[in-house]
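Participant: If you want the building blocks of each chain, they are given just below.
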Amino acid sequence: MAGAKIKYTKTERARQKKILKVSLRMLPLFEAMEKSLMSTINTIAERIEEIRQVIEKNKQAAEPWVAVMSDSHVDIKTFISVNKIITKHIDVAGVRVEQYESVDFNVMPIEDNTPLWVDDAIVLMQEQLQLLAEIECLDEQIRLLEDELLDVRARIKLFENRRIPNAKTAIRKIGQKLQDDERLTIATAKVVKMTQKEEVMV
Amino acid sequence: MSNLVYLMCSLPSLKFGEVPPITMDEFTNDAKDQLSAKHFKLLEPVDIYQAADSDGKLGLKSIGTMLDELQDDITEIRSAKTQNRAPNLTRLPHAVINANPLEREKLIMQWQWQELDTIQAGEVFTFTEVMVYKLRLQILSRLHSFNQEHGSQVLASVVNPSKEKEE
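Chains as they are written, first to last, in the working numbering: chain A, 1 to 202; chain D, 203 to 369.
Hints are computed from structural coordinates only; laboratory data are not their basis.
We put the beta carbon where it would ideally sit given N, CA and C, even for glycine.
Misleading hints may appear alongside valid ones.
Calculated cross-link-like contacts (lysine-lysine; reagent style DSS-like; alpha-carbon spacing at most 27 Å) [said to hold, decoys possible]: (1) A:K21 x A:K173; (2) A:K157 x A:K173; (3) A:K35 x A:K21; (4) A:K21 x A:K177; (5) A:K21 x A:K10; (6) D:K283 x D:K240; (7) D:K283 x A:K57; (8) A:K17 x A:K177; (9) A:K21 x A:K190; (10) D:K217 x D:K283; (11) D:K308 x A:K57; (12) A:K59 x D:K308; (13) D:K240 x D:K263; (14) A:K77 x D:K234; (15) D:K240 x A:K77; (16) A:K21 x A:K5; (17) A:K59 x D:K283; (18) A:K197 x A:K17.
Where chain A lies over chain D, by a calculated footprint (3+ residues, C-beta under 8 Å) [what the hints assert, rightly or not]: (19) 276–287; (20) 302–316.
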């Protein structure tokens with residue numbers, strides 16, 4: 001509003017009143033949206049933390065036997081790889097995000113002469129890869145929600161610091177100007193009337 | 203015969219669980235130098251990981267039998283796991299069922315080592331002894347390859363390849 005010229009008309013005052021009404025109605029909605037986004041982001045962050053703990057727990061459980069993975073007879077890397085992370089679109093707090101569904105693995109068939117530890121390693125690796133894929137999806141969700149949160153906060157600031165105060169100021173100024181104009185008109189009319197009366201008396 | 207004696211006398215003794223005193227390449231070179239072409243050709247396909255070579259020939263019947271029986275028990279363990287029942291093992295010790303994967307491999311190798319003891323019993327300076335030596339060296343080399351740090355790196359390289367690259 002700074003620098004913008006106010007039109008001191010009744011139409012402009014009506015327009016500013018409409019802006020104020022809409023802004024006052026929208027502000028709580030954006031505030032609720034901000035709360036919802038923040039709460040959702042926190043929930044997702046907690047879920048990521050839970051998954052990280054499970055990953056760590058699995059890692060610790062495998063610690064006593066992880067040495068077998070360096071078996072010179074087997075290259076475990078050739079047995080398993082991620083083909084695709086399967087996700088689905090969902091709306092979280094009004095934002096369209098990808099939700100983790102599952103991981104499609106390329107698992108080489110285990111032959112009869114394959115050492116038994118390969119079976120356990122594949123199970124462990126599949127679980128860890130699934131958990132990491134879920135974290136990847138959740139991280140992306142947080143990124144999108146944080147972008148939205150920034151946008152919502154910018155809107156709240158816009159309403160709180162500019163639109164609402166500016167509309168209020170404009171309404172007040174227009175009101176004062178219109179009142180001044182009205183008084184001036186009345187005063188002028190009175191002066192004219194008195195002048196006319198004096199002329200008649202003379 | 204004298205070549206076999208010379209070869210076996212020149213090879214360091216092997217003990218389960220210890221670091222292999224020679225590499226497989228060193229053994230192969232020694233064997234190639236000392237053995238006749240016929241014996242060396244027979245030794246080449248002898249492998250602890252397969253009962254028969256690509257032509258389906260066995261290095262030694264008793265070794266083939268041992269490896270076949272091991273195979274049967276491993277297959278039984280896998281089937282039992284799929285069917286959610288206790289495995290019915292014929293040769294392997296029952297301790298392998300509940301052992302962790304590393305201990306299980308060690309137990310299996312220890313069992314193989316003991317079986318090779320039986321196969322080798324009474325065989326002094328024979329070709330069987332050379333074959334058993336090769337199989338034991340394979341067992342020790344594999345056992346020695348089990349390394350906590352390297353194993354963790356292998357796991358990380360599969361589970362988190364991007365992180366591995368960054369590091």
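Participant: Which hints, by number, does the structure contradict?
Facilitator: 6, 9, 10, 14, 15 and 18
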